[in-house]
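Asks: Using the sequences and the hints given, assemble the complete structure.
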Amino acid sequence: MLENFSFRTIVEYLPLFGQGLVTTVWLSLISFAGALAVGILLAAMNLQRGWLFRVPAKAYIDAVRATPLLAQLYFLYFGLPRLGFVLPELVVGILALSLNSGAYVAEIIRAGILSIPRGQVEAGVASGMTYVQRMRLVILPQAFKVTIPPLLGQAIVLVKDSALLSLISVAELTRAGQLLASDRFMPAEGFITIAAFYLLLYYCLKGLAALSGRWLGLQPARSST
Amino acid sequence: MIWQQLQSLAGSYPLALRGLGMTVALSLISLVLGTLLGFGLGILRTGGNRLISAAIGAWVDLIRGTPFLVQIFLIFFILPELGIELDAFTAGIIALTNLAACFICEIVAAGIRSVPTGQVEAALASGLSRWQRMRQVVLPQAMRIVLPPLVGQYVLLIKDSSVVSAIGLTDLTRVGWLVVQRVPNGLLVFFLVGLGYFIVCYPLIMLARRLEQRIGAAHGEVQL
Chain A
1 MLENFSFRTI
11 VEYLPLFGQG
21 LVTTVWLSLI
31 SFAGALAVGI
41 LLAAMNLQRG
51 WLFRVPAKAY
61 IDAVRATPLL
71 AQLYFLYFGL
81 PRLGFVLPEL
91 VVGILALSLN
101 SGAYVAEIIR
111 AGILSIPRGQ
121 VEAGVASGMT
131 YVQRMRLVIL
141 PQAFKVTIPP
151 LLGQAIVLVK
161 DSALLSLISV
171 AELTRAGQLL
181 ASDRFMPAEG
191 FITIAAFYLL
201 LYYCLKGLAA
211 LSGRWLGLQP
221 ARSST
Chain B
1 MIWQQLQSLA
11 GSYPLALRGL
21 GMTVALSLIS
31 LVLGTLLGFG
41 LGILRTGGNR
51 LISAAIGAWV
61 DLIRGTPFLV
71 QIFLIFFILP
81 ELGIELDAFT
91 AGIIALTNLA
101 ACFICEIVAA
111 GIRSVPTGQV
121 EAALASGLSR
131 WQRMRQVVLP
141 QAMRIVLPPL
151 VGQYVLLIKD
161 SSVVSAIGLT
171 DLTRVGWLVV
181 QRVPNGLLVF
191 FLVGLGYFIV
201 CYPLIMLARR
211 LEQRIGAAHG
221 EVQL
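Residue numbers (this note's numbering), protein chains in the order written: chain A, 1 to 225; chain B, 1 to 224.
Just so you know, the hints here were simulated from the structure itself, not pulled from any lab data. The structure presented is a predicted model; accordingly, all values stated were derived computationally and were not measured. Worth double-checking, as some hints may not be accurate.
Said to hold, decoys possible - On the chain A side, residues computed to face chain B include the following (Cβ under 8 Å):
1) Ala66
2) Leu70
3) Tyr77
4) Phe78
5) Glu122
6) Ala123
7) Tyr198
8) Tyr203
9) Cys204
10) Gly207
Claimed, not checked - Away from chain A, derived, C-beta distances all over 10 Å, residues of chain B:
11) Ser12
12) Gly65
13) Thr173
14) Ile205
Stated by the list, open to error - Okay, the calculated bits of chain B under chain A, using three or more residues with CB under 8 Å as the criterion:
15) 23 to 32
16) 77 to 89
17) 109 to 117
By construction, the Cβ of each residue, glycine as well, lies at the ideal position given by its N, Cα and C atoms.
Replies: In structure tokens, the structure reads:
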């Protein structure tokens, strides 16, 4: 059994875990912002009538959803230098997370916009609004509400996915656990500690999702994780 | 140069086949086990016993709240400390099955809860046993809700199987990693790796979409 589980070692390594946690949080935040940008762009392309923008957007979204993040990460990690972009691991990781999550965000936004009843658009047309006015004043404010809980669900997925960046040696939370496991041969101490930290992040985001659902007057959302 | 690389890639096709076999074996075994376990857990979760339901809920939350990579490390490195010796393949199967079971449990539970109580009451009034009610009345109706996300879950499972390469299993992703050390063309190598997953996952994604549409249509909802 785990009779010699060493809390002292965990305390000793706490600064390392703290750094890892902070790195995981901010790299997730940046990646999520990136994912929002990619997602909005893709959703806008996907909602066009013409095929010129819609087809590439659809192809990109399907390609991302049908392949594992780890393969995408390695694709960028081993592929970018070949194209002449030698970037730090951390940047490659953030790029991979943004591009991956962006595809899922695009689908969430598209579903949100399509959930607005047709009558709303028609009322906008009847009031003499232009396309931009209808989008800005009628559709987006309503769609925004619907997308918040699933977006927070995607944020949970993103934080968990960021653990994969440890495999290209980005010094985030999982990497800290691996270091303790390999330096001191204490895998239990290392991995149980980081699991606890991830759970902390998970419950924070889950609580936020529940709160946002209540604030926005939506049904309690089934988290999409 | 690209020709040389292609030749070199063609030379590593036995390795690629082995990796593909490993990915398929991992996914299939844990898909079957995870589905069985997930349905069992889902039925228990919606059963009368509060304690069992809460325990399952807590476990599911634990699994949903931690990265899969960390779960694999926990299983692979800590079970041996508890005296359970296991190889990487078994550890991978355990981790994937557990993950799938937890997600499928929630999908099945949601499906069962969606069946109107009148149906259960009618079954009770007809004198059906507990098992008969579940098998003949509740589950067939729940399946309509369960099926689309279940297929979606299988896609996630196949994709998540790539993470077991972290404990040294030579699956498709790991093969890409090995080949790229010899053939320095990451774009080409991982394009091919991605293609391998895409061929399996894309039809499943399409299937899930179609099932969703059919069910939406059956409920008389407007498809946009």
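Asks: Taking the minimum C-beta separation from Ser12/B to chain A, is that value above 10 Å?
Replies: The claim holds: Ser12/B sits with its nearest Cβ about 15 Å from chain A, beyond 10 Å.
Asks: Grab the minimum beta-carbon distance between Thr173/B and chain A and tell me whether it stays above 10 Å.
Replies: Not fine: 5 Å to the nearest Cβ puts Thr173/B too close to chain A.
Asks: Count residues of the region 23 to 32 of chain B with a Cβ under 8 Å from any Cβ of chain A, then say if the count reaches three.
Replies: This one is violated; 0 residues, fewer than the three required, reach chain A with a Cβ under 8 Å.
Asks: Using the nearest Cβ pair, does Gly207/A come within less than 8 Å of chain B?
Replies: violated, 12 Å
Asks: Verify that the Cβ of Gly65/B lies farther than 10 Å from every Cβ atom of chain A, and report whether the claim holds or is violated.
Replies: Gly65/B is in fact no farther than 10 Å from some Cβ atom of chain A, at 3 Å.
Asks: For the hint on Glu122/A, does the least C-beta distance to chain B fall short of 8 Å?
Replies: violated, 14 Å
Asks: Is it correct that the beta-carbon of Ile205/B has no partner in chain A closer than or equal to 10 Å?
Replies: violated, 6 Å
Asks: Going by Cβ atoms only, is Leu70/A closer than 8 Å to chain B?
Replies: Holds - the Cβ of Leu70/A comes within 8 Å of chain B, reaching about 4 Å at its closest.
Asks: Let me know if the C-beta of Cys204/A comes in closer than 8 Å to any C-beta of chain B, holds or violated.
Replies: This interface hint is violated because 10 Å lies over the 8 Å limit.
Asks: With a cut-off of 8 Å, does the beta carbon of Ala66/A approach a beta carbon of chain B closely enough for the hint to hold?
Replies: holds, 4 Å
Asks: If you look at each residue in the region 109 to 117 of chain B, do at least three have a Cβ nearer than 8 Å to any Cβ of chain A?
Replies: violated (count 1)
Asks: Under 8 Å, Cβ to Cβ, is where Tyr198/A needs to be relative to chain B, so tell me if that hint holds or is violated.
Replies: OK, holds: Tyr198/A within 8 Å of chain B, min 5 Å.
In this structure, the hints that do not hold are numbers 5, 6, 9, 10, 12, 13, 14, 15 and 17, in rising order.
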